[in-house]
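Peer 1: Each chain, letter by letter, is given below.
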Amino acid sequence: MTSLDHGKFTRVTTVFHSLLALDVFLLFFSGYAIMFNDELWWLVEALGGSMGVIAVHRVAGLGLITLTVFWMTLLIITPGGRDNFGTVLPGRDDVEAAIQDVKFALGYADERHPNARQFAGYKADEVPLLSYVGKGVVWIFAVELTLLMISGLLIWSKTGIISLFTTKASAMAFVAFHGFLGIVMLMGVMFHIFEHGTHPAFYPVEMKAFLPKDITPEYHAEDEDHDTTGIEDLELSPTWNWAVNLFGLMVVIGIVSVLVGSIFDETYPIPRELTVGGGPTNLLLTIGINVGILVLFIGLVLSMYGNVMRRRYERQLAEERRATTAADGGETSDD
Amino acid sequence: MSDDPQGEREPVRETPAEARERQSHYTDPDSRLTDRLAVIISALVGLVVTGLAYWWAQGFAIFTENLYRVQPTIEGGGVGSDWNAGNTDPMLDAMIALIHAVDVIMGMAILVFVFLHWAAFRRLAARMRQPGERRSDAVAADGGRSSPAESGARQAGSDDGGTDADNGGEPG
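Taken in sequence, the protein lines are chains X and H.
Numbering-wise (this note's numbering), the first sequence opens with residue 1 and increments by one.
Numbering-wise (this note's numbering), the second sequence opens with residue 1 and increments by one.
No lab work stands behind these hints, which were simulated from the structure alone.
Please note that a few of the clues may not be correct.
Said to hold, decoys possible - Ranges of calculated distance between the beta carbons of each label pair, as one might list FRET restraints:
{"no.": "1", "chain 1": "H", "residue 1": "75", "chain 2": "X", "residue 2": "166", "range": "48 to 54 Å"}
{"no.": "2", "chain 1": "X", "residue 1": "50", "chain 2": "H", "residue 2": "53", "range": "56 to 62 Å"}
{"no.": "3", "chain 1": "H", "residue 1": "104", "chain 2": "X", "residue 2": "271", "range": "20 to 26 Å"}
What the hints assert, rightly or not - If the Cβ cut is set under 8 Å, some of the chain H residues that face chain X in the computed set are:
{"no.": "4", "residue": "36"}
{"no.": "5", "residue": "82"}
{"no.": "6", "residue": "85"}
{"no.": "7", "residue": "117"}
{"no.": "8", "residue": "129"}
Predicted model only: the values in this text are computed from it and were never measured.
Note that the Cβ used here is the ideal one computed from N, Cα and C, for glycine as well.
With the sequences and hints as input, model every part of the structure.
Peer 2: Written out as structure tokens, the structure reads:
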């Protein structure tokens, strides 16, 4: 029994996921440093001041377009991609999985629905490519990224959008719209980090998104015929308990703060009076939004940690192969 | 003019009274148009023409003023008017209100999912072996290593994605 669960994604997918994560984190850091500049003044400075932060955001935005168009093309031109498109469509199973998750959390169900299960354990075949949450993530990403890229390109040139939409204030409305669109993704990514970072079987990071399926072992035991996932055989990490509570609290504070901040730090309609933000009245919001950014930063670190683990595992496999060859030649080996 | 018989006459010197008499009569004494009436008509025409001229000049003046004068008021179409127009655009207002609503609804849903997973993870964790706890069946499932090494491998395994546990339970 191992906490390394069944591989589901190809190497292209895992590399794409890591690059997309890196790019999206850069977009979040630069974009919300601009939008919440009252609360994240240090991030604006860290990213090169008011001009630097915009440059970072634009370069990362172009990177996002490259990545997204690459992925869409791959989905359309490859048979595997077209097949996968069908598996992303939500079905009745997914609704049932969500309902069963509520029951499971409240103690009215003994197991999570296969469409909700993150740790498949013995039952590799029963678990779909994506859980119902995973499907939701893909759809939200698809819709959000499309709208964000269109609105982002529109506001690239302020004078351009003024000529398109007649007035300066309407151009500001599009900037505000672009920022508020990203709030859904910002909150969703915080949850995504929580979901795949604090699962007790995978803590501190679920390797499924980093290890391609061709090198992930597809078995957990000789006897594959089990009634349970076998999670009882895994030992809980000693730090899991406080880690899940602390990180869960941070995620909740982060989500609530960016949500409240997006409503109160509104840039449209443009107020008649000059409003000076920040100060002690906004202290809680400032702390909360910074906690949210810290959650994203932890996500970035976990994404890199997942790749470090992948490298270590690949090297270990190579060593094992070498040891096996040596064993054939008559030498003894630990494994 | 030269054949005018009067032109060859000697000028007759007018008496002051005659001169006064002549000056006071601009019109033919037999006509109904008296001097007084003529003066009144002329004055009226003068006033009307002046009025028209003023009206025309006034209209012309308003036109140039609108063309060249900076009117800083929104009503006058001044510098702030396009800000105001964009700031009160119902379509943009609706768009911003809609995205705010989407943010709040999605935020609430995401919070529900966070709490749902938090609770589910706690239940799953309760089923796992607690740190340091040993179960006889767990050892066999892992590939048969003895317990002390097993315990160490578990910890390392969950920390680095289980590679060591895969390896047969050797501590990492």
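Peer 1: Provide an ascending list of the numbers of those earlier hints which the structure does not satisfy.
Peer 2: 1 and 4
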